[in-house]
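> One letter stands for each residue in the lines below.
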Amino acid sequence: MARPARDAARQGWIATKAAGATVEHAATLTADRARGLLRTESDRLREGSEPLLMAALRARIASRPSSVFIDWSRDAAEAFGDADAALAIHPVLAAVIEGVKIIDDIQDGETRCLAAEVGIERAMNVALAAIGEALGRTAELPFDDRTWSAVAVAVGRGIRETALGQEMESRATGSHESYWNVVDHKTPPLVATALELGALAAGADPVHAAALTQLAVPLGRVLQIGDDANDALGDDATDWRTPQLNLLMLYSLSGPNGDELGELLRRGEDRESLRAAQLLMLRDGALGYAVHTLTTTLAAIGATIESLALPDPQPLLRLLEQQREGLERVLRSSGVDEELARRVAK
Amino acid sequence: MPKTAMPMTFDEFRTSSEAVENDRPIYVAVRQQRRWFRDGSSAEQAVQSALRAIARWVPWDPNGATGS
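From first to last, the protein sequence lines are chains A and B. The first sequence lines up with residues 1 to 346 when you count with the working numbering. The second sequence lines up with residues 1 to 68 when you count with the working numbering.
Hints should not be assumed to be uniformly reliable.
Pair ranges (Cβ atoms, derived) [stated by the list, open to error]:
| id | chain 1 | residue 1 | chain 2 | residue 2 | range |
| --- | --- | --- | --- | --- | --- |
| 1 | A | Glu47 | B | Gln45 | 53 to 59 Å |
| 2 | A | Arg112 | B | Thr15 | 50 to 56 Å |
| 3 | B | Arg35 | A | Thr28 | 26 to 32 Å |
| 4 | B | Arg52 | A | Arg112 | 54 to 60 Å |
| 5 | A | Arg122 | B | Asp23 | 37 to 43 Å |
| 6 | B | Asp23 | A | Glu321 | 22 to 28 Å |
| 7 | B | Glu21 | A | Ser63 | 51 to 57 Å |
| 8 | A | Arg10 | B | Ala5 | 39 to 45 Å |
| 9 | B | Asn22 | A | Glu325 | 36 to 42 Å |
| 10 | B | Arg35 | A | His25 | 56 to 62 Å |
| 11 | B | Glu21 | A | Asp236 | 38 to 44 Å |
| 12 | A | Thr28 | B | Ala5 | 32 to 38 Å |
Derived list of chain A stretches under chain B, where covered just means 3 residues or more per stretch with a C-beta under 8 Å from a C-beta of chain B [claimed, not checked]:
| id | segment |
| --- | --- |
| 13 | 139-149 |
| 14 | 283-290 |
| 15 | 327-340 |
Calculated from the structure, these hints are not laboratory results. Backbone N, C-alpha and C define an ideal beta-carbon position, used for all residues, glycine too.
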């Protein structure tokens, strides 16, 4: 990653953390004062953005972009009896996701992203404006004071802890422990916010809504394991640039063929080398390790859903079943016989 | 964030999955997978098939969800 991009991303996460902390602090005040503070902070974060880029951002938020966080907030709302209630909080989630994604793309040096189109500085202004938009929309949510305060805490914590997790990623060492530490801190905060907001919007008591956050770490792992499998083995695999952040690459790099794989990944831009690296990882059992981590994670999710005693656990159980079916398909398509694939995935 | 148990280390998994007497389904499946990918005659076809399945495995935009 180029130094200006790295520095800009670092500044972005610092500003994001501060915004999240402000929301958490605001939630300790009376709801009226807290809403006022959020509006002020929202205006401050949006003041650097250009009108046209701001309009594009708002259009994107209004279009409700497809996102697993949005889907899971709806599942959480449905678990408390009213899936459509989540619609009220979707713009807040969508705005946070936009802001985080813009900074993350800058940090990762993505070649297809907003910063590549309009420049790092202008993109960063949009990212902060997106966070500001999330705060402004949180201030306007029509919930009773107790529910609204719980929503504000969840939004603030999600923003602040995501920024902390992203900073942690930039210091990843490539060890097994470091990998899981980053995974468990980077994505789960926003998963927790999505679940909690969905439940609160559907009228769940704040204590019951907060209990759903027990699912955030395992669901965050599910997301990351799937992403890593794609980014290691997919046609558009990109993680050869940052193998210390990819589970399958780390697995094979730590094994007997690690030197050979390291050499192939260094030449990852060459398609033949990347193909050879992918075959080496598959023969080495890297996909098997990913499957193992996924099955244990899915088992943890199942046990947690059961322990939550939700009014309607079906939406979350459905999510779990979809994951198991996908896993079974992967196993069957990679040489595992049908009966065994079913037993492993269940 | 509540704690979730740490997955098995790479070495622990490698050792367990390579021990032929270990008949837990996940280890038997991994040995079947590795044999399949090592079969030279079907390797490229095997890889293609697995990659298509992996692409469908993740039911969301792989890079859009977390941006990672």
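> Taking the CB of threonine 28 of chain A and the CB of alanine 5 of chain B, does the distance hold inside 32 to 38 Å?
Holds: the Cβ-Cβ distance is about 33 Å, inside 32 to 38 Å.
> Honestly, do glutamate 47 of chain A and glutamine 45 of chain B meet the 53 to 59 Å range at C-beta?
Given about 57 Å between the Cβ atoms, the range holds.
> Taking 22 to 28 Å as the stated bounds, is the beta-carbon spacing between aspartate 23 of chain B and glutamate 321 of chain A within them?
Hint holds: Cβ distance 26 Å, inside 22 to 28 Å.
> Could you tell me whether the CB distance from glutamate 21 of chain B to aspartate 236 of chain A stays inside 38 to 44 Å?
Once the Cβ atoms are compared, 40 Å apart, the range 38 to 44 Å for aspartate 236 of chain A and glutamate 21 of chain B holds.
> Are at least 3 residues of the segment 139-149 of chain A within less than 8 Å of chain B when you compare beta carbons?
Check failed, 0 qualifying residues.
> Confirm or reject the claim that arginine 122 of chain A and aspartate 23 of chain B have a C-beta distance inside 37 to 43 Å.
This hint is violated: roughly 59 Å between Cβ atoms.
> I want to verify a distance hint. Is the separation of the beta carbons of arginine 10 of chain A and alanine 5 of chain B within 39 to 45 Å?
About 32 Å separates the Cβ atoms of arginine 10 of chain A and alanine 5 of chain B, which means 39 to 45 Å is violated.
> Cβ-Cβ distance between arginine 35 of chain B and threonine 28 of chain A: within 26 to 32 Å?
Check failed, 59 Å falls outside 26 to 32 Å.
> Looking only at beta-carbon atoms, does the pair asparagine 22 of chain B, glutamate 325 of chain A fall within the given range of 36 to 42 Å?
26 Å, violated
> A range of 51 to 57 Å was offered for this pair. Does it hold for the Cβ distance of glutamate 21 of chain B and serine 63 of chain A?
56 Å, holds
> I want to verify a distance hint. Is the separation of the beta carbons of arginine 35 of chain B and histidine 25 of chain A within 56 to 62 Å?
58 Å, holds
> Could you check the hint for me, namely that arginine 52 of chain B and arginine 112 of chain A are 54 to 60 Å apart, CB to CB?
Violated, since arginine 52 of chain B and arginine 112 of chain A (Cβ atoms, about 23 Å apart) do not stay within the stated range.
Hint check: violations occur at hints 2, 3, 4, 5, 8, 9, 13; the rest are consistent with the structure.
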